[in-house]
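Starting from the structure of chain V, add chain B where the hints point.
Top to bottom, those sequences are chains V and B.
Taking my numbering, the leading residue of the first sequence gets 1, the next gets one more, and so forth.
Taking my numbering, the leading residue of the second sequence gets 1001, the next gets one more, and so forth.
By construction, these hints were calculated from the structure, which means they are not laboratory data.
Here are the simulated lysine-lysine pairs, BS3-like style, with alpha carbons at most 27 Å apart:
1) B/1144 - B/1059
2) B/1124 - B/1050
3) B/1086 - B/1173
4) V/392 - B/1124
5) B/1059 - B/1173
6) B/1104 - V/392
The primary structure of each chain is shown beneath.
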Amino acid sequence: MSGELGHFALILALCLAVVQATVPLAGSYTGNRTWMSVGPSTATGQFVFLAIAFGALMQGFLADDFSIRYVAENGNTQLPVIYKVSAVWGAHEGSLLLWVLMLSGWGMAVALLSRHLPQVMQARVLSVLGMVAIGFLLFMLFTSNPFERLYPVPAEGRSLNPLLQDPGLAVHPPLLYMGYVGFSVAFAFALAALLGGKLDAAWARWSRPWTTTAWIFLTLGITLGSWWAYNELGWGGWWFWDPVENASFMPWLVGTALIHSLAVTEKRGAFKTWTVLLAIAAFSMSLLGTFLVRSGVLTSVHAFANDPARGVFILAFLSVVVGGSLAIYAWRAPHIRGGGRFDFVSRETFLLANNVLLVVVAALILLGTVFPLIYDALGWGKISVGFPWFNKMFVTFMPFLLLLMGVGPLARWKHHDPADLVRRLRLAFGVSLAIGIAFALPVYQGASALMGLGIGLAAWLLLSLWLAVRDRLKHRRGARAVLRDLTTQGRSFYAMVLAHLGVAVTLIGITLVANLEAERDVRMAPGHTYELAGYGFRFDGVRNVQGPNYLAARGTITVFDGDRQIAVLHPEKRNYGPGTMPMTESGIDVGVTRDLYASLGEDLGGGEWAVRLYYKPFVRWIWAGGILMALGGLLAVSDPRYRVRVRRRSTATAGEALAGGRA
Amino acid sequence: MLRYLLPLGIFAALAGFLAVGLKLDPKEVPSPLIGKPIPEFVLPRLEDPKRRFGSADLKGQVALLNVWATWCVSCRAEHQVLQALKESGVVPIYGLDYKDERDKALRWLQVLGNPYEAVAFDEKGRAAIDWGVYGTPETFVIDKRGIIRHKFIGPLTEEKVEDILLPLVRKLKAET
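For reference, chain V alone in the conformation it holds in the complex (with noise of 0.2 Å):
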């Protein structure tokens, strides 16, 4: 009964979708605020119908309905209630339905959220984000009905993968998914001022607080992503270049850009044409990470059933959003003025420069991913791009990247004295250069340029935020002070400082672990002691263990630093019955300086096991650099300055009061 209720509510909240796009934007031309006011009532209920289809999936899996052919595919009677739960989105057709789900809650939200906006641009918006919902319900009932009934019914299901039986993978596509789908109201406010001619900083102030969410959102599902793979593949990687890592980061770059541009166009005026084409970018990244993976163009590590349907269906979906927006843009962009002059030198000019890298390394991670495809298309046979080219593009670009983000914040607005900049910034430079010089001698093990450069570039980082935050200071003495700044208008500095910092922590995880880890495969026998990086790994056998689900080998290392006792780890060996592969389940020692990590490989017999051993210095620098971007952005977000001025925007007319705005 649940299966046809949830057929039932995506059909009724596809109708609402169709009724969503059309009526409002109708309104809005020929202003009539009735049917206006059609927008804030569908986007609720498309979003109520969209949870009820959700429920009972859910419904599905917890009652083990093995009739509803997903969840016998996913579901199975001895899974933990929290993997029932999660095998929801463990596979395609549900996770395209918690993608819509939460499609119509930003929708929601907007509906909520934007009473204050004059009721043409949010009918507008509505309609917009109306629109991308109709496409997506249509691909999910003509290709990937979730709800699609197996007869005969199988007594016992199928089960989720057991590589996605892990907390990290039951809250990481959630959160990827809030994050790329957040970038459609980015989208759909930058559609709705294309079409309403009007891109002044009252959109981009507008635009702000929702593409940082969704930013915040994706930079948390890519860190938690990162950490997955770390622990459960086993072999102590943290990112792969895969093309569904690309599909991930490449908005996120996009995004980054965006937040950046948006700053500017609301503080400034400037930069319009390129904001809106960054909005656009950013939800089209989005979306085409979506074909690549869904479609079956590219291999991938992450095995989602492909079905060429499908790829038709999401490429047409593609062209029609994608392509209609840019011919939206190519028509309206030409008719937008210019907004505020800066000179050269200017703070203008280097979040330029940084939008331009960032959506240049996006560009060549694209090209990176699709290039195989390409080349195979032009009948030049096939090819690989692997792992290094996508190193080596990075680590050339980067560094640009991080040497201006630390002038960056410094410039001032539209115009700075070169001299002044340079003498203010010349020690900080001076400094760093001599770090990253020292970090590159070759005196110590483990120094190379690389490992210079990112040191360096790292507390160029520090230290340029340091000095920005001691002008902040300067005439603001004491906590109090600094308290009233941040409850104020100095809270999206403070933000700035914060995610900026995380940049510089991210950056120093990567270049130690990078350049000082160590890894051995060694061959033990109970008893046995290998020393790697100065710690004593002593194996004390392996004994069978039963989990819920699973048979699991699991192994006992007893680590000692000299001849103190420090950690005992558990890597573990899971079989979760025939037809599956085996998961390693490594076991860590987590410290802020170093992870030890052991994973089990094979057994050898006699007792004997071979055991991965790893050293990961600075490795957790990575993710708590992701936490601080996320927290900054939250900072950011949580600006009062947006809620303040919304109330008196309530009143006042729409647009160019504030264009000029405060430095």
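Chain B only, in chain V's frame:
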């Protein structure tokens, strides 16, 4: 005006390639090499750079050539399947280690087990170009006359082995 059309143009080109790419489905058997003799190559062996491994070693028997690398996550997933296949003793598996580092590759085999009769070490990926390697892992099925008869793109799974590989190997073995 033109510069505003540029993004649309770029997207149109990309969409065109994607449309063609859809038809090319990388998981499908790519045509050019199937039914052709294996490309000639001689490469150092992974285990011992002084010794060579080349196309001559592949001829005269039904064999698999598996292209892999330690940086490839899917290869890791595939490894257990290869290992099981080796233990069954149905068909010899040869490896082509693609754009890799020798130390890492050797450790990989030491820990995960070595399903290969011999592994050619293709450090620069030169031989892989002739083999039309698109990405790792890929597995070629070669018959007794040294003709490529099938190519698996992406990791081998137990289903693929059962449903496609084993019947094909049996058929090829029966050929004279």
